[in-house]
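J.: Sequence:
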Amino acid sequence: MHSTPLQDSRVVVSARSFADLTPQASFDIKVKCDLHRLDEGPSVQTVLTREDGLRYYRTMQTMRRMELRADQHYKQKIIRGFFHLYDGQEACAVGIEAGISPTDHLITAYRAHGYTYTRGVSVKEIMAELTGRRGGVAKGKGGFMHMYAKNFYGGNGIVGAQVWPWHCQYQGKNEVCVTLYGDGAANQGQIFESFNMAALWKLPCIFICENNKYGMGTSVEQASASTDYYKRGDYIPGLRVDGMDVLSMREATRFAADYCRSGKGPILMELQTYRYHGHYMSDPGVSYRTREEIQEVRSKSDPITMLKDCMISGNMASLEEIKDIDAEVRKEIEEVAQFATSDPEPPLEDLCKHIFYNDAPLEVRGTPTLDEAEIHQLKNLLMIQHFIRHNTAALFLNLIRTKRWMKLFYP
Numbered sequence: 001m002h003s004t005p006l007q008d009s010r011v012v013v014s015a016r017s018f019a020d021l022t023p024q025a026s027f028d029i030k031v032k033c034d035l036h037r038l039d040e041g042p043s044v045q046t047v048l049t050r051e052d053g054l055r056y057y058r059t060m061q062t063m064r065r066m067e068l069r070a071d072q073h074y075k076q077k078i079i080r081g082f083f084h085l086y087d088g089q090e091a092c093a094v095g096i097e098a099g100i101s102p103t104d105h106l107i108t109a110y111r112a113h114g115y116t117y118t119r120g121v122s123v124k125e126i127m128a129e130l131t132g133r134r135g136g137v138a139k140g141k142g143g144f145m146h147m148y149a150k151n152f153y154g155g156n157g158i159v160g161a162q163v164w165p166w167h168c169q170y171q172g173k174n175e176v177c178v179t180l181y182g183d184g185a186a187n188q189g190q191i192f193e194s195f196n197m198a199a200l201w202k203l204p205c206i207f208i209c210e211n212n213k214y215g216m217g218t219s220v221e222q223a224s225a226s227t228d229y230y231k232r233g234d235y236i237p238g239l240r241v242d243g244m245d246v247l248s249m250r251e252a253t254r255f256a257a258d259y260c261r262s263g264k265g266p267i268l269m270e271l272q273t274y275r276y277h278g279h280y281m282s283d284p285g286v287s288y289r290t291r292e293e294i295q296e297v298r299s300k301s302d303p304i305t306m307l308k309d310c311m312i313s314g315n316m317a318s319l320e321e322i323k324d325i326d327a328e329v330r331k332e333i334e335e336v337a338q339f340a341t342s343d344p345e346p347p348l349e350d351l352c353k354h355i356f357y358n359d360a361p362l363e364v365r366g367t368p369t370l371d372e373a374e375i376h377q378l379k380n381l382l383m384i385q386h387f388i389r390h391n392t393a394a395l396f397l398n399l400i401r402t403k404r405w406m407k408l409f410y411p
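Each residue of the sequence shown is one higher than the one before, counting from 1 in the UniProt record's numbering.
Just so you know, the hints here were simulated from the structure itself, not pulled from any lab data.
Computed from a predicted model, the values in this text were never measured in an experiment.
Ideal Cβ placement from N, Cα and C applies to all residues, glycine included.
A couple of the hints might just be wrong.
Distance windows between CB atoms, simulated [unchecked claim]: (1) L381 <-> E221: 48 to 58 Å; (2) T49 <-> D326: 19 to 29 Å; (3) Q377 <-> K331: 12 to 22 Å; (4) V286 <-> S43: 30 to 40 Å; (5) L200 <-> E335: 24 to 34 Å; (6) E349 <-> E296: 31 to 41 Å; (7) E193 <-> S226: 15 to 25 Å; (8) Q338 <-> K173: 24 to 34 Å; (9) E40 <-> K173: 50 to 60 Å; (10) A185 <-> Y235: 17 to 27 Å; (11) S43 <-> N315: 18 to 28 Å.
Throw the hints in and build the complete structure from the sequences for me.
T.: The structure is reproduced here in C-alpha cells:
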C-alpha cells in the first residue's frame with residue numbers, strides 16, 4: 001500500500017519519537033501483598049517492557065469499551081436476560097493472563113466477557129454471542145455466560161472446577177488451573193469442600209476470589225464474619241493482591257503459578273477490586289453505595305488510568321500514542337457492534353447441533369489397552385448414545401414447531 005505525503009510525514013515523526021522512548025523500565029509494586037502461611041511473597045519490583053505495557057493497555061481499553069457498548073445494546077433490548085458487566089475489574093483478567101501460560105486452564109463465574117477475550121476469543125465473536133447471532137463464539141446459543149475457548153471453560157463458577165487441576169495432575173502435565181469466584185460465593189460451603197479436595201490431593205489449583213466489595217447488593221462487611229478471604233483456605237497458603245494494578249496482578253499470578261507447578265498443592269489469592277456497574281443490569285448500583293464512592297475509585301484507582309500514567313511517567317509511551325490506541329479501539333468496537341446487530345440469528349434447526357462431542361479418549365491409566373475390536377464396539381455404543389440424544393432433541397423441536405406438545409398436557 002502506498003502512503004500519501006501526510007502518511008509519510010507521520011511515519012517519520014513516529015519513528016523519531018519512538019527512538020526517544022524507553023524500551024523497558026523497573027517499577028515498584030505500590031501495594032505489597034498480604035501473606036498467609038507464606039514466608040515470602042511476590043516480588044515488590046517488576047520490569048515492564050514498552051511492548052507489554054502497550055498490549056496490556058490496549059487489552060484493558062478494549063474490554064472496557066466492549067462492556068460499555070454491550071451496556072448500550074442491553075438498554076436498547078438487543079441483549080436480553082440476566083447480564084453482568086466487568087468494567088472496573090480489567091486489571092484482574094489481564095494480569096492473570098499475563099502471569100500464566102496459554103496451556104494453563106481457567107474457569108470463572110458470571111462476569112466472563114473479559115476472561116473470554118483474554119483467553120483468545122475475538123471481540124467480534126463475543127459481541128455476536130451476546131446478541132445471539134450465528135457469528136458468536138457459541139453460534140449464538142450460549143449467551144453471556146456460556147462462551148468457551150481453548151483451555152477456558154466459561155462462566156460456570158466453582159461448579160466442577162476441581163476437575164481441571166485433577167486432570168493436569170492425572171495426566172502428568174505441568175499445568176495449573178485458575179478457579180475464579182466472587183466474595184459472595186466465598187461464603188458458600190462448596191468452596192471449602194473444594195479447598196479440602198485440592199489440599200488433600202495437592203492439586204495445582206489457584207483459587208482466586210475477586211473481591212469487588214459487594215455480593216449483589218450486600219457489602220462484604222455485612223455478609224462475612226471475616227473479610228480476610230485470602231486466609232479462608234486455612235491450611236492453604238494465600239495472598240491478598242491489589243486487583244486494580246495490572247503489574248501487581250501479573251507478579252502475584254506468576255508467583256502463585258510457580259508455587260502450584262512446584263508440586264506444593266493449591267494456593268489462594270484474594271483480589272481487591274471494584275465493579276463500576278451494579279450487580280446486573282436491573283441494579284443501578286447506588287442504593288447500597290454512593291455515587292461519590294464510585295467516583296472516588298474511578299479517580300484514584302482506575303486500572304486503565306493507572307497503567308497509562310505509569311507508561312507516560314516512565315517515558316514508555318507518549319500521550320498521542322495512547323490517544324491513537326483509544327481511537328483505534330473505539331473504531332473496532334463500533335464496527336463489531338454493527339456486525340453483532342446485523343449478523344443473522346441461528347436457525348431453529350441448529351437447536352439440535354453441537355450437543356455431543358464424540359472424541360473422548362478411550363484409554364484409562366493403569367488398565368489394559370483395548371484392542372481394535374473392543375475400541376470399535378465402544379465407539380458403536382457411544383454412537384448409539386449420540387443417536388438417542390440427537391433424536392430426542394429432534395422430537396422436542398418438532399413438537400415445538402407443530403405445537404403438538406400442548407396435546408401432551410391438554411389432550
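J.: Now, for every hint given, state plainly whether the structure supports it.
T.: Hint by hint, here is what the structure shows:
Our hint of 48 to 58 Å for L381 and E221 holds, since their Cβ atoms are close to 55 Å apart. In this structure, T49 and D326 meet the distance hint of 19 to 29 Å, their C-beta atoms being roughly 21 Å apart. Remark: the range hint 12 to 22 Å for Q377 to K331 is contradicted by a beta-carbon distance near 56 Å. At about 38 Å, the CB distance of V286 to S43 agrees with the hint of 30 to 40 Å.
Distance hint for L200 and E335: a CB-CB separation of about 50 Å, inconsistent with the stated range 24 to 34 Å. As the Cβ distance of E349 to E296 is approximately 52 Å, the hint placing it in 31 to 41 Å is violated. The hinted window of 15 to 25 Å between E193 and S226 holds, with their beta carbons roughly 19 Å apart. The hinted window of 24 to 34 Å between Q338 and K173 is violated, with their beta carbons roughly 41 Å apart.
The hinted range of 50 to 60 Å is not satisfied by E40 and K173, whose Cβ atoms lie roughly 27 Å apart. Between A185 and Y235, the C-beta spacing of about 20 Å keeps the proposed range 17 to 27 Å intact. Look at S43 against N315: about 22 Å separates their beta carbons, and that is inside 18 to 28 Å.
Figure legend: structure checked against the earlier numbered hints; hints not met, in rising order: 3, 5, 6, 8, 9.
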